[in-house]
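Colleague: The residues making up each chain are set out below.
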Amino acid sequence: MTKLFNCTPKPAMLRSVQNERWNISGALAELLDNSFGPGRGNATAVTIFHDLTARTLTVLDNGRGMDAIGRLFQHGNSIGHSIGDIGEYGAGGTKALLWLASRVSIWTLREQMVQRDHVIWKTGLISIPLTTRT
Amino acid sequence: MSNDWHIANSSNTPSELLAIGHGTLIRMHLLPTRSLRVNNIVRDLARFYSTGLRKGRHISWVTCRKGTPDDTMELADPFATPSEHSRTINFDLVLEHRGEHLPVHGSVIFDENTPQSESRVQIGFGYRMIRSTTECFQSRDGEEKYAGIGVSGWLDLGEGWQPYLSTTKDAVDDAPLYSALMDHVFKRIKPLLQAAERKSFSVQFDDLAIGLEQALNSRTGDVVVKVGTEMGPPPTTDNSTGVPPTDHPPGPPPEIPMSNGRPGDSERNVSPSLEITIYQESDSALEGALCQAGIRGNDIFVAVNRDHAFVQEALKARPVNRMAFNVMIVDELARAIVEVDDGILIKKIFHRDVASAIYGIEHNHHRSRIVARRLIDRVREPLMAK
Numbered sequence: 023m024t025k026l027f028n029c030t031p032k033p034a035m036l037r038s039v040q041n042e043r044w045n046i047s048g049a050l051a052e053l054l055d056n057s058f059g060p061g062r063g064n065a066t067a068v069t070i071f072h073d074l075t076a077r078t079l080t081v082l083d084n085g086r087g088m089d090a091i092g093r094l095f096q097h098g099n100s101i102g103h104s105i106g107d108i109g110e111y112g113a114g115g116t117k118a119l120l121w122l123a124s125r126v127s128i129w130t131l132r133e134q135m136v137q138r139d140h141v142i143w144k145t146g147l148i149s150i151p152l153t154t155r156t
Numbered sequence: 292m293s294n295d296w297h298i299a300n301s302s303n304t305p306s307e308l309l310a311i312g313h314g315t316l317i318r319m320h321l322l323p324t325r326s327l328r329v330n331n332i333v334r335d336l337a338r339f340y341s342t343g344l345r346k347g348r349h350i351s352w353v354t355c356r357k358g359t360p361d362d363t364m365e366l367a368d369p370f371a372t373p374s375e376h377s378r379t380i381n382f383d384l385v386l387e388h389r390g391e392h393l394p395v396h397g398s399v400i401f402d403e404n405t406p407q408s409e410s411r412v413q414i415g416f417g418y419r420m421i422r423s424t425t426e427c428f429q430s431r432d433g434e435e436k437y438a439g440i441g442v443s444g445w446l447d448l449g450e451g452w453q454p455y456l457s458t459t460k461d462a463v464d465d466a467p468l469y470s471a472l473m474d475h476v477f478k479r480i481k482p483l484l485q486a487a488e489r490k491s492f493s494v495q496f497d498d499l500a501i502g503l504e505q506a507l508n509s510r511t512g513d514v515v516v517k518v519g520t521e522m523g524p525p526p527t528t529d530n531s532t533g534v535p536p537t538d539h540p541p542g543p544p545p546e547i548p549m550s551n552g553r554p555g556d557s558e559r560n561v562s563p564s565l566e567i568t569i570y571q572e573s574d575s576a577l578e579g580a581l582c583q584a585g586i587r588g589n590d591i592f593v594a595v596n597r598d599h600a601f602v603q604e605a606l607k608a609r610p611v612n613r614m615a616f617n618v619m620i621v622d623e624l625a626r627a628i629v630e631v632d633d634g635i636l637i638k639k640i641f642h643r644d645v646a647s648a649i650y651g652i653e654h655n656h657h658r659s660r661i662v663a664r665r666l667i668d669r670v671r672e673p674l675m676a677k
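In the order they appear, the protein sequences are chains A and B. Under this note's numbering, think of the first position of the first sequence as 23, with each following residue one higher. Under this note's numbering, think of the first position of the second sequence as 292, with each following residue one higher.
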């Protein structure tokens, strides 16, 4: 019987994303694509709040909201093509969150219902993998 | 991650999102390694989403301190509104590619007020600009190229183009298709590119004219005075002085003027007395001549053959090959000066000693050579100083 090697990427792989050469404009544009995409948020307006004191960037759109916030944190989770939509692979938004932030909070609102969560990349990506190895 | 839905209220939903009633809010605590240059980001985002902004999408940038909004910027389409004198070519076309019909619409404008940095065509899809290019400023084979300064515009790719866009969202990932689009645009906007080039050449000629005008009107250009330094020996043809030999035309070289050497002589302001206009003319109008100069009173007109490859190459060179033009124009100008000289013009242009030396030359043909050499020396010196 053939022996198989498990090629599933390790979570630590995501650390490489944080070290990629990129820029803030490009990363924010990926999030704005998710807001404006007709098959995605289909928003008409996006506001970006930059809090100088708290060192936070907040992207708020008036779109239809997400069907599951987990999609945004799963690399490659995409709704695929839709008319007039430039996104396809479901990778840009996730990458942007990884690259920009150490902590991410997200709320999505549709039909008076909210889904929310918080993710701390720093612990998940840097601290835990490094300490559990030893 | 949580996949639960709760009834939204002020305790579980940020007030900004609650106020809108639908949408998504993502708050990111920036990594310490990320630094923001807000002006650059706002400029980039306005450019990326220029297509969407034109179609009524809104993007705002709000700067806050301790959670309180301090300043709000509304992003606007960076594409400047063309002036009344601009010329526009509109596009509404469909490319047929592998049995698919790919629509494109847009506008390309020539406006003299558009700077070189903005002289590009933006290609957008949906709400986003995917590429800003000047590839449509040249023919497919690259034989015909234009700088296109003042030419700008946008092309919006319609439905059907998605599969041909690169995953990086900044290109059309189908070279033959993109090339066909650029070629079509080039052929359509060629009149604008040519108009832009004529305008650009005129500006270059105006610039050349200024330099030549200064050379003609600066009689002290014959006297080299180094302010604040000790005067060296006057230049002679003797190499022992360390002055490099100059290439004299055949025949006796004109006498080189001596100067009293008063510091500041070369910096005296001499009010312009001769004015030069350099303009472009067709090969047929010039009857095949490369350049033609005429003098009427204090006005000098120089026509340059815009159709000749030498002229075009010199103008398209970056930086523009000024010396080539100066040689060509000065040579022609010298002939015209000698031809129309009534015993005053040469005196008006040159220091009296130089003028005397020129008048001392018997043959007009050689006289014009010396005038040309004297003028080119004057034109060359400011260039060398640069």
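In short, the hints are calculated from the structure, not lab data. One should not assume that every hint holds.
[Unchecked claim] The list that follows gives simulated cross-link-like pairs (lysine-lysine, DSBU-like), each with its CA atoms no further than 30 Å apart:
#1 K346(B) with K357(B)
#2 K346(B) with K117(A)
#3 K436(B) with K481(B)
#4 K607(B) with K478(B)
#5 K481(B) with K117(A)
#6 K436(B) with K478(B)
#7 K490(B) with K436(B)
#8 K481(B) with K346(B)
#9 K357(B) with K117(A)
#10 K460(B) with K346(B)
#11 K481(B) with K607(B)
#12 K32(A) with K436(B)
Colleague: Please go over all the hints and tell whether each is borne out by the structure.
Modeller: Evaluation of the provided hints:
1. K346(B) with K357(B): Between K346(B) and K357(B) the Cα gap is close to 34 Å, so the pair fails against 30 Å, i.e. violated.
2. K346(B) with K117(A): holds, 28 Å
3. K436(B) with K481(B): The hint holds at about 10 Å.
4. K607(B) with K478(B): Judged against 30 Å, a Cα distance of about 20 Å means the pair holds.
5. K481(B) with K117(A): It is violated: about 42 Å lies between the C-alpha atoms, which goes past 30 Å.
6. K436(B) with K478(B): holds, 12 Å
7. K490(B) with K436(B): Judged against 30 Å, a Cα distance of about 15 Å means the pair holds.
8. K481(B) with K346(B): Satisfied, since the Cα-Cα distance of roughly 28 Å is no more than 30 Å.
9. K357(B) with K117(A): holds, 27 Å
10. K460(B) with K346(B): holds, 19 Å
11. K481(B) with K607(B): Distance of about 16 Å is within 30 Å: holds.
12. K32(A) with K436(B): The given pair, whose Cα atoms are some 51 Å apart, is violated under the 30 Å limit.
This entry does not satisfy hints 1, 5, 12, going by the numbered hints stated previously.
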